[in-house]
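J.: Sequence:
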Amino acid sequence: MHTDVRQQIQISPLAGRRSWLLWLLAPLLLAGCGYPEVSPKAYEISKALFSAASRQSEEQLDRAARLIETERKAGEISPREAGWLNEVVATARKGDWPEAQATARQIMEDQIDR
1 MHTDVRQQIQ
11 ISPLAGRRSW
21 LLWLLAPLLL
31 AGCGYPEVSP
41 KAYEISKALF
51 SAASRQSEEQ
61 LDRAARLIET
71 ERKAGEISPR
81 EAGWLNEVVA
91 TARKGDWPEA
101 QATARQIMED
111 QIDR
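Residues in the sequence shown are numbered consecutively from 1, following our numbering.
Keep in mind the hints are simulated off the structure, nothing from the lab.
Backbone N, C-alpha and C define an ideal beta-carbon position, used for all residues, glycine too.
Please note that the accuracy of each hint is not assured.
[To be verified] Restraint ranges, calculated between C-beta atoms of paired labels, are given here:
(1) Pro36 - Glu59: 26 to 32 Å
(2) Met108 - Ser57: 25 to 31 Å
(3) Gly95 - Ala74: 18 to 24 Å
(4) Lys73 - Ile112: 18 to 24 Å
(5) Pro98 - Lys73: 27 to 33 Å
(6) Gly75 - Ala102: 26 to 32 Å
(7) Gly75 - Ser54: 27 to 33 Å
(8) Pro98 - Ala74: 16 to 22 Å
(9) Pro40 - Glu87: 17 to 23 Å
Take these sequences, add in the hints, and give me the full structure.
T.: Right, dumping it as structure tokens:
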């Protein structure tokens, strides 16, 4: 006997409601993703990293890397902020300038409306 495919696949009557709810809640869940508020110095350094990455400038990148360490030691940026900024530096040093630029930009954009 041939069994109807629709009978073989049992779909919950709530499946449609669940997917609707997921689409409704997704922006709220994703809003928590990204970088939290950073210090003014960390923001300045992210701008410098964005500039270095957009120009693919090793010299600017080296200056920004030194600045990260100097400002971390001075307590102007937190170790956590230094970690994020150093990740941008590492990405650029691997040659992925577009990703480094995008990450630096994301740090800056995540500060809007804070």
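J.: All hints, please: hold or fail.
T.: Consistency of the hints with the structure:
As the Cβ distance of Pro36 to Glu59 is approximately 30 Å, the hint placing it in 26 to 32 Å holds. At about 18 Å, the beta-carbon gap between Met108 and Ser57 misses the expected band of 25 to 31 Å. About 30 Å separates the C-beta atoms of Gly95 and Ala74, a value inconsistent with the hinted range of 18 to 24 Å. As the Cβ distance of Lys73 to Ile112 is approximately 29 Å, the hint placing it in 18 to 24 Å is violated.
The hinted window of 27 to 33 Å between Pro98 and Lys73 holds, with their beta carbons roughly 30 Å apart. Taking 26 to 32 Å as the suggested C-beta distance range, the pair Gly75 and Ala102 conforms, at roughly 29 Å. Here the CB-CB span from Gly75 to Ser54 is close to 29 Å, well matched to the stated 27 to 33 Å. Between Pro98 and Ala74 the C-beta distance comes to about 31 Å, which lies outside the given range of 16 to 22 Å.
For the pair Pro40 and Glu87, the supplied restraint of 17 to 23 Å holds, since their beta-carbon distance comes to about 20 Å.
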